[in-house]
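Heads up: the protein sequence lines correspond to chains F and U, in order. Numbered per the working numbering, the first sequence spans residues -4 to 352. Numbered per the working numbering, the second sequence spans residues -4 to 352.
No wet-lab data here; the hints were simulated from the structure. It is possible that part of the hints are untrue.
One copy or any two copies: either way a pair holds, since identical chains are not told apart in the list.
[What the hints assert, rightly or not] The calculated lysine-lysine pairs, modelled on DSSO-like cross-linking and capped at a C-alpha distance of 30 Å, are: (1) K37 x K202; (2) K12 x K265; (3) K10 x K37; (4) K224 x K311; (5) K223 x K311; (6) K202 x K224; (7) K210 x K37; (8) K202 x K223; (9) K223 x K210; (10) K223 x K12; (11) K202 x K342; (12) K12 x K352; (13) K202 x K173.
2 protein chains.
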Amino acid sequence: MSQYTITVIKSEEEKPKPASDDLSFGRYFTDHMFIQDYSEDKGWHNPRIVPYQPMMLDPASMVFHYGQTVFEGLKAYRTEDGHIQLFRPNKNMERLNRSNDRLCIPSIDEEFGIDAIKHLVHVDHEWVPDAPGTSLYIRPFIISTEAYLGVRPSTTYQFIVILSPVGAYYDAGIDPVKIAVEDEYVRAVRGGTGEAKTAGNYASSLKAQELVAEKGYAQVLWLDGVEKKYIEEVGSMNVFFKVNGEVITPALNGSILQGVTRDSVIQLLKHWDIPVTERRISMEEIYQYHQNGELEEAFGAGTAAVISPIGELAWKGEQMEINQGETGEISRRLYDTITGIQYGVEKDPFHWVVRVK
Amino acid sequence: MSQYTITVIKSEEEKPKPASDDLSFGRYFTDHMFIQDYSEDKGWHNPRIVPYQPMMLDPASMVFHYGQTVFEGLKAYRTEDGHIQLFRPNKNMERLNRSNDRLCIPSIDEEFGIDAIKHLVHVDHEWVPDAPGTSLYIRPFIISTEAYLGVRPSTTYQFIVILSPVGAYYDAGIDPVKIAVEDEYVRAVRGGTGEAKTAGNYASSLKAQELVAEKGYAQVLWLDGVEKKYIEEVGSMNVFFKVNGEVITPALNGSILQGVTRDSVIQLLKHWDIPVTERRISMEEIYQYHQNGELEEAFGAGTAAVISPIGELAWKGEQMEINQGETGEISRRLYDTITGIQYGVEKDPFHWVVRVK
Ligand SMILES: Cc1ncc(COP(=O)(O)O)c(C=O)c1O
Ligand SMILES: Cc1ncc(COP(=O)(O)O)c(C=O)c1O
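Chain F extracted, bound-state conformation (with noise of 0.2 Å):
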C-alpha cells in the first residue's frame, strides 16, 4: 500500500446538519476528518479518513508547550448546478510549506495535500451548503506531537483536515466595518513569524483585538513592529486602500501573511487594467490622503469575508470616515467577482477554481 492511498472508516453515525441560517463561523464540524502521522523514521504516512474524533495526545505534547503547529484555511462552495469547488488550493499547500519552513516542520506533498482535502470533501458532501453565500470551511493544521519538554523541533506530527460548513458572512451583502489602528500592540515584527499562518501570532492578537472590541471596532489595524508607522494588515486580512483612482497595498516584507485572497485581488485588477502598487505605506500617509480627499475605499481582503470594506477607520483620536461609510465601487466589483468565480456564476479566466469529484 503506497504512502499515498487513503484508509477510509466511515462513520457509522450522521450527525444532524445545522439550518443554513444557524451556521456563524466555525462552530459545527462534519462526520469525518483526516489524519496522516509523520515519524522520523517513515516520514508522512498512514494517510486516513475516520469518523470526526477527539484526539488523544500526551500531555507533554509538544504543541501544548511550544506551539510548534501550522495552519490553513480554504473553502468549498456548492455551484448552482450542485457541484463542489475549491477556491485555489494550491496556493494554500504552498503557503502551509512555507509556514512548514519558517516552524521546522517536515514540508508535505502538496498535490497530495490536495488530494486528501478532495476525497475529505467528497466523503461529507452532503455537508456542503447551498443557501446563499454559505460554504464548507476548510481548516488543514499540523501539530507537533512527542511528548517531550526540551525546546527543539518535535520528531513526530499530525496532518489533520477538519471541516465546518459556515454561514454568509453578510446578512444583506457586503457590510462595512470600523477598525481601530494598533499602535501598542504589535501582531509580528520582521525576523519574526508574521509570514507563516502558525498558531502564536493569533495568540498574540487577541489583546489588541479584546481592547478595541470594547470601543466598538471590529478589528485593528496593525503596524509594522519596528516603527510602527507603516501599515501591515486588518485583523486576519491583508489590506487595500483606493488612492486617486490608483490602489495601494503593503508589500510583502516578511511579517505580512500572503493572502490568497491578497494574490486574487492584484491579478483582477490588472486584468481589469485599473492601477494596483505594492510598496510600504506609512499610516501618516493614509491620513493626509484622507485630509485632502483622496482616499476613495479601503478595505480588507481575505479567505472568511472575501472582501470588507472599511467604513471608518480610527488612529490617534482621529476618526475618519472613508466614502461615507459606505462599500466602495472597487470593493463591491471585487467582491462579486471573486465570489462569482467561487460559486461558478461568473467566469473564471486564470483557472482558479478545482472541482471535486
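Got chain F; can you put chain U with the ligands on it based on the hints?
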C-alpha cells in the same frame, strides 16, 4: 465541596522509574498529573489529581489553531535528609498570571496553584530523584480547549501540572558553552508576547536555534526586534556580563522574560555587595569591552541550568573568547549558592525555599 478541594484518584499501577543516570530532561513523566477546568459559568473548578493519561481534545480545540496557552517551569529538590523543597514557586505563579493576562486567559488563584503543585509532588514524592544535581521538573500549563475556529479568546480552559524527573544539567560541574549572536531572526518585540511564557515565543525560536546548532553553537543570543542592536536573552535564559568588576544585565523592557533565576542572581549580588546594574546593553558595547580586555565573565541564568557560563560569543564573524573559555568566579559562586539553597545545604537568607509536606 469547595472549589479548592482536590480530588485524588490514584493510579492502579506504578510505572518503572528510570535510573538516575538516564534521566536527561523532560523525557519521563510520573504516575500522576493535576487537572482543573475552567468555564465561564463555573470559573476554575473540579481540581483533581489523576493517573498520568492522554488528554482527549476535540481537533477544533483552540490551542491547536490559535496557540492561546501559557506555561511555567520550576523544580522540586530532594535535600540530604530526604525532604523535598520547591524554589520560589510564588514567583512562577505570579508570572503565570502575568502571562495569562497577556494571552487573555482567566487568572488562577496563585496560592491554590502552589498548593496544587505541592499536593501533586507529594503524591509522586517517590519520583523526586536523589542523585547529585537531579531534581523533579514541574510543568504547570494552561491550554484553551473550546472547539471553535473564530479568532477570539476561548471560553473554556484546562490548567494542568505534569512532573518529570530530570538529570544533572552538567555531567561534571558547570561547563561553559558557545553562543552565537542572532542578527536575522527575532524572538520577540516590544508590543509582542516576549514577556509572557507562551508557546509561540518558543515556536518562533526553533529556526534560529537549528541554524546555529549546525555551526556548533549551543544557543543563540537574541537581540531586540526593533534595532537588532540591544541584548535580550540567551536561548531560554536571561543573560549577565561582568565588566570591570560590575555585573550588568538587560533591563526588563517588555520583550524579555522576567526570569526567577535572574531575580535571584540580582538579589544575591546585592547581598554580596557586588555592583549589579539593569540597563540597556548593546552588542557593540560588549564587543568593545571584550576588545579592551574588560569583559571578565558572561553567563546565562535559568531554572534548567541555573547558571550557564558563556565561554565563547560569536558575532559578525568575530569569535570572542571569554575568561579563556573557563567558568568565572562569580558564575561559580552564584551556581554553588543557588543550588546550595535549592538542595538545602546553604543558608536561605531570603526564605526562597518552600518545603513540601
Ligand atoms: C493574518 C492574516 N492575514 C491575511 C489573511 C488572508 O489570507 P487569505 O486571503 O489566504 O485567507 C489571513 C487569513 O486567512 C490571516 O490570518
Ligand atoms: C525565554 C526564557 N528566558 C528566561 C528564562 C529563565 O527563567 P527562569 O529563571 O524563571 O527559569 C526562561 C526559562 O525558564 C525562558 O524560557
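Comparing the hints with the structure gives:
no.: 1; hint: K37 x K202; result: between (40 Å within a copy, 23 Å between copies)
no.: 2; hint: K12 x K265; result: neither (41 Å within a copy, 66 Å between copies)
no.: 3; hint: K10 x K37; result: between (34 Å within a copy, 28 Å between copies)
no.: 4; hint: K224 x K311; result: both (12 Å within a copy, 29 Å between copies)
no.: 5; hint: K223 x K311; result: both (13 Å within a copy, 27 Å between copies)
no.: 6; hint: K202 x K224; result: both (20 Å within a copy, 28 Å between copies)
no.: 7; hint: K210 x K37; result: between (52 Å within a copy, 27 Å between copies)
no.: 8; hint: K202 x K223; result: both (17 Å within a copy, 25 Å between copies)
no.: 9; hint: K223 x K210; result: within (21 Å within a copy, 34 Å between copies)
no.: 10; hint: K223 x K12; result: neither (46 Å within a copy, 52 Å between copies)
no.: 11; hint: K202 x K342; result: neither (42 Å within a copy, 43 Å between copies)
no.: 12; hint: K12 x K352; result: within (22 Å within a copy, 54 Å between copies)
no.: 13; hint: K202 x K173; result: within (18 Å within a copy, 37 Å between copies)
Hint compliance for this structure: hints 2, 10 and 11 are not met, and every other hint is.
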